[in-house]
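> The primary structure of each chain is shown beneath.
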Amino acid sequence: MDPIRFGEMLWLARMPILKGLGMTVSISALAIILGTLLGIFVGLSLTYGARPLRWLVRGYTDFIRGTPVLVLVLASYYVLSTVGLDLTAFQAGVLALTVFCSSHVGEILRGALQSIPKGQIEAAKAIGLTFRETFAYILGPQALRQALPAWVNTAAEMVKASTLLSIIGVSELLLRTQELISRTFMSLEFYFFAGLLYFTINYAIEHLGRYVERKTAVPS
Amino acid sequence: MKIRMKLVAAAFAAGSLLSAASAQAQESKLDEVLARGHLIVGTGSTNPPWHFKSMSDELQGFDVDMGHIVAEALFGDPDKVEYVIQSSDARIPNLTTGKVDLTCQFMTVTGERAQQVAFTIPYYREGVGLMMKAGGNYADYDALKAAGSDVTISVLQNVYAEEMVHKALPEATVDQYDSVDLMYQALESGRSDAAATDQSSLAWYMAQNPGRYVDAGYGWNPQSYSCAVARGDMDWLHFVDTALHEAMTGVAFDTYAASFKKWFGRDLPPPQIGFPVEYK
Chain A
-19 MDPIRFGEML
-9 WLARMPILKG
1 LGMTVSISAL
11 AIILGTLLGI
21 FVGLSLTYGA
31 RPLRWLVRGY
41 TDFIRGTPVL
51 VLVLASYYVL
61 STVGLDLTAF
71 QAGVLALTVF
81 CSSHVGEILR
91 GALQSIPKGQ
101 IEAAKAIGLT
111 FRETFAYILG
121 PQALRQALPA
131 WVNTAAEMVK
141 ASTLLSIIGV
151 SELLLRTQEL
161 ISRTFMSLEF
171 YFFAGLLYFT
181 INYAIEHLGR
191 YVERKTAVPS
Chain B
308 MKIRMKLVAA
318 AFAAGSLLSA
328 ASAQAQESKL
338 DEVLARGHLI
348 VGTGSTNPPW
358 HFKSMSDELQ
368 GFDVDMGHIV
378 AEALFGDPDK
388 VEYVIQSSDA
398 RIPNLTTGKV
408 DLTCQFMTVT
418 GERAQQVAFT
428 IPYYREGVGL
438 MMKAGGNYAD
448 YDALKAAGSD
458 VTISVLQNVY
468 AEEMVHKALP
478 EATVDQYDSV
488 DLMYQALESG
498 RSDAAATDQS
508 SLAWYMAQNP
518 GRYVDAGYGW
528 NPQSYSCAVA
538 RGDMDWLHFV
548 DTALHEAMTG
558 VAFDTYAASF
568 KKWFGRDLPP
578 PQIGFPVEYK
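Protein chains in written order, with the numbering used here: chain A, -19 to 200; chain B, 308 to 587.
What the hints contain is simulated information worked out from the structure, not anything from laboratory work. Please note: incorrect hints may appear among the correct ones.
[As the list claims (entries may be wrong)] Straight-line C-alpha distance at most 30 Å; calculated DSSO-like pairs for lysine-lysine:
hint : chain 1 : residue 1 : chain 2 : residue 2
1    : A       : K140      : A       : K(-1)
2    : B       : K387      : A       : K(-1)
3    : A       : K(-1)     : A       : K105
4    : A       : K140      : A       : K98
5    : B       : K569      : B       : K387
6    : A       : K(-1)     : B       : K452
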């Protein structure tokens, strides 16, 4: 390994790497945000939904969670186009990750909500709170604290899963790195550097999660 | 890789069942492309000199040039082409699901693949070659062969690597390496006497490092590289065939030859004038 030559190559390749990094961050951010919104619906349906809705959503989460992300990515790119929904590689990739994220967030939220003792809902009813109020003042805040660490974990998983989109030709960080390696023949160095960037993204997510945890912690 | 290919195949199989139901008589892809105003070509981005990104982040290479040649034939403008980046596993599914009009991605023609997509005429013949350091211990292929087991050959790690080298040099010692850079490094540092890999890769590497290396002058394991289109559209296949054919023998020969020179470092003799070369 020649650090000077690698530094030079890295400098020349700064734009492609930044573009790839931007792509990875946007894919992950979109998938995490959309997946969380959808996941909240999934989690609420699983916990409080009417029986038919609960069964339907249960089927959805079990199916998605039992499928490898790679299969979801390929399915949203190839299978959907045959039924007339022709998504670009980027859209298909974000869709697959969103769906995957939503099933995980749904399960996390269900677990968090079910861990709250039933007595609290009964007490809320006894003092005349509607369900909406019960959720906003009693269940929601507690569930948020419960779910946060697992949610941060899922968010980090999404960043790592975004590498799979390189297979359908989305120019995210991994594909950009492979493009550079093919030209420079410096595989070890560039893979190591890409690993460092992925670590940095996930480290930032983890710290953001800790910050929110601190802010929402019950003062003792 | 194997598993990934199976997954692609499975995803595609599920898709084709659905599409078979909606299959119908359609106008040719040729009309569709002309009406759209640009061509959509599927290719990769990680294999020089075939398809890779330049320092300024532009897609380039011999496969990419084939796309430009077809665009020129269609619209009289080589730049009216959009490239869809795809992995090697995605070459066939992207054609059969209509994501791309044409795939040019160093695709080896095999009977198995020809059952799934329609191959155009070949635009390159690939083979394995041997690259040595200029001014090294051995002059050429015959010298390497005569040296028997004293010769060490570096190759990319592969199940068939040993067998592949022994087809040309039956007694040579074979050292397998994980990546292309390590394989070339072994040659550079003298740990191997020659590197054996695709001739196009060798030609590209030699063109990048002029005067440093020489070709041993022997090629084996021939395979044809062709572009491919979806099956069942003779008009479109015939058009692409014509465009490629005329690039190798007719009006667009200069474009083809310039590209060949750029990526493989060799000048092509112009096609013989008079009686068509195809029938000589």
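> Mind checking the alpha carbons of K569 (chain B) and K387 (chain B) for me, to see if they're no more than 30 Å apart?
21 Å, holds
> Taking 30 Å as the top limit, are the C-alpha atoms of K387 (chain B) and K(-1) (chain A) close enough?
Holds, at roughly 24 Å.
> Compare the distance between the alpha carbons of K140 (chain A) and K(-1) (chain A) with 30 Å, and conclude whether the hinted pair is satisfied.
17 Å, holds
> Hey, K(-1) (chain A) versus K452 (chain B), does the alpha-carbon distance stay inside 30 Å?
Given pair K(-1) (chain A), K452 (chain B) is violated - Cα atoms ~49 Å apart, limit 30 Å.
> Is it true that the CA of K(-1) (chain A) sits at most 30 Å from the CA of K105 (chain A)?
Given pair K(-1) (chain A), K105 (chain A) is violated - Cα atoms ~53 Å apart, limit 30 Å.
> Does K140 (chain A) pair with K98 (chain A) here, judged by a C-alpha cut-off of 30 Å?
Violated - the C-alpha atoms of K98 (chain A) and K140 (chain A) are around 37 Å apart, more than 30 Å.
Going down the numbered hints, you'll see the structure goes against 3, 4, 6, while the others check out.
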